[in-house]
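Single-letter residue listing:
Protein chains: 2
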Amino acid sequence: MSIPPSISTILKAGPIHFGPFLVTTQVFHLTPHTYALVNLKPILPGHVLISPRRVVPRVTDLTPTETSDLFLTVRRVARMIERVYGASSLNIAIQDGADAGQSVPHVHAHVIPRKRGDLDHRGGMDAVYEMLDGEEGDLRDAFREEGEGERRRFPRVDNEERKPRDMKEMEEEAWMLAREMEREPVD
Amino acid sequence: MSIPPSISTILKAGPIHFGPFLVTTQVFHLTPHTYALVNLKPILPGHVLISPRRVVPRVTDLTPTETSDLFLTVRRVARMIERVYGASSLNIAIQDGADAGQSVPHVHAHVIPRKRGDLDHRGGMDAVYEMLDGEEGDLRDAFREEGEGERRRFPRVDNEERKPRDMKEMEEEAWMLAREMEREPVD
Numbered sequence: 002m003s004i005p006p007s008i009s010t011i012l013k014a015g016p017i018h019f020g021p022f023l024v025t026t027q028v029f030h031l032t033p034h035t036y037a038l039v040n041l042k043p044i045l046p047g048h049v050l051i052s053p054r055r056v057v058p059r060v061t062d063l064t065p066t067e068t069s070d071l072f073l074t075v076r077r078v079a080r081m082i083e084r085v086y087g088a089s090s091l092n093i094a095i096q097d098g099a100d101a102g103q104s105v106p107h108v109h110a111h112v113i114p115r116k117r118g119d120l121d122h123r124g125g126m127d128a129v130y131e132m133l134d135g136e137e138g139d140l141r142d143a144f145r146e147e148g149e150g151e152r153r154r155f156p157r158v159d160n161e162e163r164k165p166r167d168m169k170e171m172e173e174e175a176w177m178l179a180r181e182m183e184r185e186p187v188d
Numbered sequence: 002m003s004i005p006p007s008i009s010t011i012l013k014a015g016p017i018h019f020g021p022f023l024v025t026t027q028v029f030h031l032t033p034h035t036y037a038l039v040n041l042k043p044i045l046p047g048h049v050l051i052s053p054r055r056v057v058p059r060v061t062d063l064t065p066t067e068t069s070d071l072f073l074t075v076r077r078v079a080r081m082i083e084r085v086y087g088a089s090s091l092n093i094a095i096q097d098g099a100d101a102g103q104s105v106p107h108v109h110a111h112v113i114p115r116k117r118g119d120l121d122h123r124g125g126m127d128a129v130y131e132m133l134d135g136e137e138g139d140l141r142d143a144f145r146e147e148g149e150g151e152r153r154r155f156p157r158v159d160n161e162e163r164k165p166r167d168m169k170e171m172e173e174e175a176w177m178l179a180r181e182m183e184r185e186p187v188d
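In the order they appear, the protein sequences are chains A and B. Our numbering puts the first sequence at residues 2 to 188. Our numbering puts the second sequence at residues 2 to 188.
Rather than coming from a laboratory, the hints here were simulated on the basis of the structure. Some hints could be false.
What the hints assert, rightly or not - Keeping only pairs whose Cα atoms sit at most 30 Å apart, straight-line, the calculated DSS-like set for lysine-lysine is:
| hint | chain 1 | residue 1 | chain 2 | residue 2 |
| --- | --- | --- | --- | --- |
| 1 | B | 42 | B | 13 |
| 2 | B | 169 | A | 42 |
| 3 | B | 116 | B | 169 |
| 4 | A | 116 | A | 13 |
| 5 | A | 116 | B | 13 |
| 6 | A | 13 | A | 42 |
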């Protein structure tokens with residue numbers, strides 16, 4: 002399969018960082034100030050992250066232009082994710098600062114597609130929040146190796162139950178979602 | 002104390018609804034497309050809600066202009082709340098649709114100021130999420146009386162542990178926060 006045009010653009014525009022981590026090949030959508038990223042350990046299928054291209058920790062660090070661009074992108078990506086994953090609702094959440102549970106110090110909005118009863122086997126509708134916090138911890142730990150702050154491309158495989166996905170799987174999902182974003186109306 | 006100028010503007014611009022509920026006197030900030038509202042049963046002091054003035058249930062129902070205005074307002078209100086309540090972080094969360102836990106079918110972003118260890122006595126940092134879901138249920142039930150969908154101004158007092166606040170307390174907080182928003186830089 003040929004590379005989606007938007008993926009070519011992203012690879013040319015890179016490198017793209019999520020906090021200290023190089024994530025260029027996991028990015029599926031790029032705007033002037035924002036990118037959207039597939040997840041190492043999605044809580045549910047279609048769980049993605051939206052971040053400003055500038056690495057800043059807090060929402061208040063964003064300029065008004067970056068803020069608008071970030072949330073217009075959240076809205077468009079969320080609409081695409083709901084369509085592609087056949088969801089009926091979405092959780093949108095930002096842990097803005099360490100004392101709110103943020104572990105990677107780079108603004109990121111979680112977008113998580115939801116369906117009726119999707120987490121009944123995990124303790125019900127609200128289980129997503131505990132998983133979200135677990136997930137963030139995993140994300141940081143999985144990316145990080147010895148050498149705090151070292152920029153790394155490949156996640157460390159850890160011994161937790163929810164295994165991080167391999168790079169090939171994430172890149173294939175990024176290409177699929179890039180194609181779907183190309184189909185999404187601009188407004 | 003004299004009425005803050007922005008509260009006069011809000012009262013003239015009203016009525017303002019949160020879903021089916023009339024909330025004009027609990028609103029402390031108003032922009033062309035967005036308002037900010039004090040909470041009947043805040044999870045933590047300073048827990049507020051930001052909503053579009055147009056009553057629509059889903060983020061994707063917002064126009065791009067409404068989306069930008071909503072999140073620029075979230076950013077400014079969040080900055081003010083963090084300052085006024087001496088917080089170090091914020092949770093920002095949207096339950097976008099019933100299957101994500103939304104109970105009042107009107108887009109609303111929760112902004113919750115956080116401090117280190119603030120929920121240790123409630124089960125730790127993540128307890129905010131369970132409380133958030135409880136809160137939403139409370140909010141809906143507290144506003145609603147017999148007569149589904151009836152527009153009501155005064156919350157019903159229920160017999161739950163966390164009592165809804167009285168209207169006077171909420172209006173005083175709205176005036177205080179209105180004054181603080183008047184001091185907040187535009188950008």
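Here is how each hint holds up against the structure:
Annotation: proposed proximity of residue 42 of chain B to residue 13 of chain B holds, straight-line Cα distance about 26 Å (limit 30 Å). For the suggested pair residue 169 of chain B and residue 42 of chain A, the alpha carbons sit about 47 Å apart, so the restraint of at most 30 Å is broken. Distance hint between residue 116 of chain B and residue 169 of chain B is fulfilled; the C-alpha atoms sit about 27 Å from each other, no more than 30 Å. Of the supplied pair hints, the one linking residue 116 of chain A and residue 13 of chain A is violated, its CA atoms being roughly 36 Å apart against a limit of 30 Å.
For the hint pairing residue 116 of chain A with residue 13 of chain B, the CA-to-CA distance comes to about 41 Å; that exceeds 30 Å, so the pair is violated. Between residue 13 of chain A and residue 42 of chain A the CA atoms are separated by roughly 26 Å; this keeps the pair inside 30 Å, and the hint holds.
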